[in-house]
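Turn these sequences into a full structure, and let the hints steer you where they fit.
Spelled out from the first residue to the last, the chains are:
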Amino acid sequence: KAGVTQTPRYLIKTRGQQVTLSCSPISGHRSVSWYQQTPGQGLQFLFEYFSETQRNKGNFPGRFSGRQFSNSRSEMNVSTLELGDSALYLCASSFRDRGLGANVLTFGAGSRLTVL
Amino acid sequence: AQSVTQPDIHITVSEGASLELRCNYSYGATPYLFWYVQSPGQGLQLLLKYFSGDTLVQGIKGFEAEFKRSQSSFNLRKPSVHWSDAAEYFCAVGPRNNAGNMLTFGGGTRLMVKP
Numbered sequence: 001k002a003g004v005t006q007t008p009r010y011l012i013k014t015r016g017q018q019v020t021l022s023c024s025p026i027s028g029h030r031s032v033s034w035y036q037q038t039p040g041q042g043l044q045f046l047f048e049y050f051s052e053t054q055r056n057k058g059n060f061p062g063r064f065s066g067r068q069f070s071n072s073r074s075e076m077n078v079s080t081l082e083l084g085d086s087a088l089y090l091c092a093s094s095f096r097d098r099g100l101g102a103n104v105l106t107f108g109a110g111s112r113l114t115v116l
Numbered sequence: 001a002q003s004v005t006q007p008d009i010h011i012t013v014s015e016g017a018s019l020e021l022r023c024n025y026s027y028g029a030t031p032y033l034f035w036y037v038q039s040p041g042q043g044l045q046l047l048l049k050y051f052s053g054d055t056l057v058q059g060i061k062g063f064e065a066e067f068k069r070s071q072s073s074f075n076l077r078k079p080s081v082h083w084s085d086a087a088e089y090f091c092a093v094g095p096r097n098n099a100g101n102m103l104t105f106g107g108g109t110r111l112m113v114k115p
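Listed in order, the protein sequences are those of chains A and B. Its first residue numbered 1, the first sequence is counted upward by one per residue in our numbering. Its first residue numbered 1, the second sequence is counted upward by one per residue in our numbering.
These aren't lab readings, by the way, just hints derived from the structure by calculation. Beta carbons are placed, not taken as given, at the ideal position from N, Cα and C, and that holds for glycine. Any given hint might turn out to be false.
Said to hold, decoys possible - To give an idea of the interface, some chain A residues facing chain B are shown, with a C-beta separation under 7 angstroms as derived from the structure:
| # | residue |
| --- | --- |
| 1 | Ser33 |
| 2 | Pro39 |
| 3 | Gly42 |
| 4 | Glu52 |
| 5 | Gln54 |
| 6 | Asn56 |
| 7 | Phe60 |
| 8 | Ser94 |
| 9 | Phe95 |
| 10 | Asn103 |
| 11 | Gly108 |
| 12 | Ala109 |
Stated by the list, open to error - Have a look at the derived ranges for each label pair, beta carbon to beta carbon:
| # | chain 1 | residue 1 | chain 2 | residue 2 | range |
| --- | --- | --- | --- | --- | --- |
| 13 | B | Glu15 | A | Thr53 | 46 to 56 angstroms |
| 14 | A | Arg73 | B | Ser39 | 22 to 32 angstroms |
| 15 | B | Thr55 | A | Glu82 | 18 to 28 angstroms |
| 16 | B | Ser80 | A | Phe60 | 33 to 43 angstroms |
| 17 | B | Met112 | A | Gly58 | 37 to 47 angstroms |
| 18 | A | Thr20 | B | Gln71 | 40 to 50 angstroms |
| 19 | B | Gln71 | A | Lys57 | 13 to 23 angstroms |
Put into structure tokens, the structure is as follows:
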């Protein structure tokens with residue numbers, strides 16, 4: 001079973017540009033979450049999509065947006081990039097373990113964004 | 001608001017020695033608890049999770065963790081560390097309801113293993 005696939009793995013942008021990151025979840029997983037990881041702030045929740053609807057959103061400015069397609073693939077977009085947006089962006093997909101009554105997240109390898 | 005504290009930013013142990021990584025959480029109710037490991041340049045791999053039942057949970061790679069409600073702790077242990085265990089370890093909490101997958105992570109503990 002293929003894991004969570006994130007593309008691109010590495011990218012370099014300049015301030016003011018925008019970027020789109022892609023995430024393909026594990027087959028059958030309907031929920032996709034995005035996290036930002038930086039040395040200063042650690043791992044922070046960005047947003048979560050389930051069945052093409054945003055279910056939760058973290059405390060990030062409106063420059064950060066996302067969407068989910070009918071095949072559960074997800075994209076996130078960051079507009080008007082700032083230096084502080086340099087980070088590892090992690091995507092996770094999950095299924096609901098009905099026996100446990102809980103969700104289990106599987107993470108991708110991440111997309112490392114550098115803003116110059 | 002929920003929070004997770006990993007008091008040790010760095011830990012160095014000798015190969016073959018035992019390991020304990022500390023995790024304390026603050027949450028309105030008993031949350032779901034997780035430990036993840038991250039190798040350099042990689043994503044997060046789930047080591048183990050606690051949802052309910054036995055408070056001592058076994059995970060992959062020989063790791064275990066014990067949930068102590070009275071101490072709001074979920075410490076990770078391994079009896080004998082291998083050089084390949086060198087990585088960063090993250091404790092996380094998540095909601096018990098079906099409101100989604102918003103995990104709150106601790107700051108991480110970087111483990112170094114001496115030969």
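Going through the hints against the structure:
1. Ser33: holds, 5 angstroms
2. Pro39: For Pro39(A), the interface hint is violated, since the closest Cβ of chain B sits about 10 angstroms away, which is over 7 angstroms.
3. Gly42: holds, 5 angstroms
4. Glu52: violated, 14 angstroms
5. Gln54: Constraint on Gln54(A) not satisfied, violated at 10 angstroms.
6. Asn56: The hint holds - Asn56(A) has a Cβ within 7 angstroms of chain B, the shortest such distance being about 4 angstroms.
7. Phe60: violated, 13 angstroms
8. Ser94: Hint on Ser94(A): holds, closest Cβ of chain B at ~5 angstroms, below 7 angstroms.
9. Phe95: violated, 10 angstroms
10. Asn103: Hint on Asn103(A): holds, closest Cβ of chain B at ~5 angstroms, below 7 angstroms.
11. Gly108: holds, 5 angstroms
12. Ala109: holds, 4 angstroms
13. Glu15(B) to Thr53(A): 46 to 56 angstroms: holds, 48 angstroms
14. Arg73(A) to Ser39(B): 22 to 32 angstroms: holds, 26 angstroms
15. Thr55(B) to Glu82(A): 18 to 28 angstroms: violated, 44 angstroms
16. Ser80(B) to Phe60(A): 33 to 43 angstroms: Holds, at about 41 angstroms.
17. Met112(B) to Gly58(A): 37 to 47 angstroms: violated, 31 angstroms
18. Thr20(A) to Gln71(B): 40 to 50 angstroms: Distance hint for Thr20(A), Gln71(B) holds at roughly 44 angstroms.
19. Gln71(B) to Lys57(A): 13 to 23 angstroms: violated, 32 angstroms
Hint compliance for this structure: hints 2, 4, 5, 7, 9, 15, 17 and 19 are not met, and every other hint is.
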